[in-house]
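Top to bottom, those sequences are chains A and B.
Residue 1 is where the first sequence starts when you use the numbering used here, and the numbers rise one by one after that.
Residue 115 is where the second sequence starts when you use the numbering used here, and the numbers rise one by one after that.
Worth flagging that the hints you see were computed from the coordinates, not collected in a lab.
By construction, the Cβ of each residue, glycine as well, lies at the ideal position given by its N, Cα and C atoms.
Any given hint could turn out to be false.
Stated by the list, open to error - Chain B stretches covered by chain A per the calculated footprint, using a threshold of three residues with CB under 8 Å from any CB of chain A: (1) 159 to 171; (2) 203 to 209; (3) 214 to 225.
As the list claims (entries may be wrong) - Far from chain B, by Cβ distances over 12 Å, these chain A residues were calculated: (4) L13; (5) Q17; (6) Q22; (7) R77; (8) L111.
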Amino acid sequence: NAGVTQTPKFQVLKTGQSMTLQCAQDMNHNSMYWYRQDPGMGLRLIYYSASEGTTDKGEVPNGYNVSRLNKREFSLRLESAAPSQTSVYFCASSAGLAGGLEQFFGPGTRLTVL
Amino acid sequence: GDSVTQMEGPVTLSEEAFLTINCTYTATGYPSLFWYVQYPGEGLQLLLKATKADDKGSNKGFEATYRKETTSFHLEKGSVQVSDSAVYFCALTHNTNAGKSTFGDGTTLTVKP
Numbered sequence: 001n002a003g004v005t006q007t008p009k010f011q012v013l014k015t016g017q018s019m020t021l022q023c024a025q026d027m028n029h030n031s032m033y034w035y036r037q038d039p040g041m042g043l044r045l046i047y048y049s050a051s052e053g054t055t056d057k058g059e060v061p062n063g064y065n066v067s068r069l070n071k072r073e074f075s076l077r078l079e080s081a082a083p084s085q086t087s088v089y090f091c092a093s094s095a096g097l098a099g100g101l102e103q104f105f106g107p108g109t110r111l112t113v114l
Numbered sequence: 115g116d117s118v119t120q121m122e123g124p125v126t127l128s129e130e131a132f133l134t135i136n137c138t139y140t141a142t143g144y145p146s147l148f149w150y151v152q153y154p155g156e157g158l159q160l161l162l163k164a165t166k167a168d169d170k171g172s173n174k175g176f177e178a179t180y181r182k183e184t185t186s187f188h189l190e191k192g193s194v195q196v197s198d199s200a201v202y203f204c205a206l207t208h209n210t211n212a213g214k215s216t217f218g219d220g221t222t223l224t225v226k227p
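Using the sequences and the hints given, assemble the complete structure.
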């Protein structure tokens, strides 16, 4: 049981390049989330998916897009990376109301945009 | 909107000292409250939780009580160890299927031998 997995672990991009961060969970959770973590700012929600087939904007969605490919996978895409998107990105999942609401986090992707 | 305020860090303690990390929240309704811990280079993991007023969450010697009258969920441990050095996040989650959470900014704890 791997929990929540993320790829890649590290990535360096040049301004304007695009990339997709991958996330998968094997706990049969309904809800999935993408956060970014910046020093002194806690975690900020980028996008979330309450269930397969639905996605919604979080607190800081600009510059990002997401796809809930199936119940297991939730990807985050940067179409044209900017230095302001240098951050650590975490994917998380939750069983939702029926399962206790706690979130399970992946190990993170450390992204640097030059 | 919702918000979570944690005491500012960093916090440095000697081993076996008593720990308190304050957390207060602003929210409508009756959210569930959580403490998560993040060790260096890792993602967050659940430390403890409380789902209704006056509930006490506990785990690994840490405790926190859901106080609705003071909108607080302070984290305490009677005797910290070097291995407790980490960043601690307080969070609230509304009781909906989407389960979105609001996190505090985190408090860095360093325990010295």
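Against the structure, the hints:
no., hint, in the structure
1, 159 to 171, "holds (count 4)"
2, 203 to 209, "holds (count 3)"
3, 214 to 225, "holds (count 6)"
4, L13, "21 Å, holds"
5, Q17, "25 Å, holds"
6, Q22, "15 Å, holds"
7, R77, "20 Å, holds"
8, L111, "15 Å, holds"
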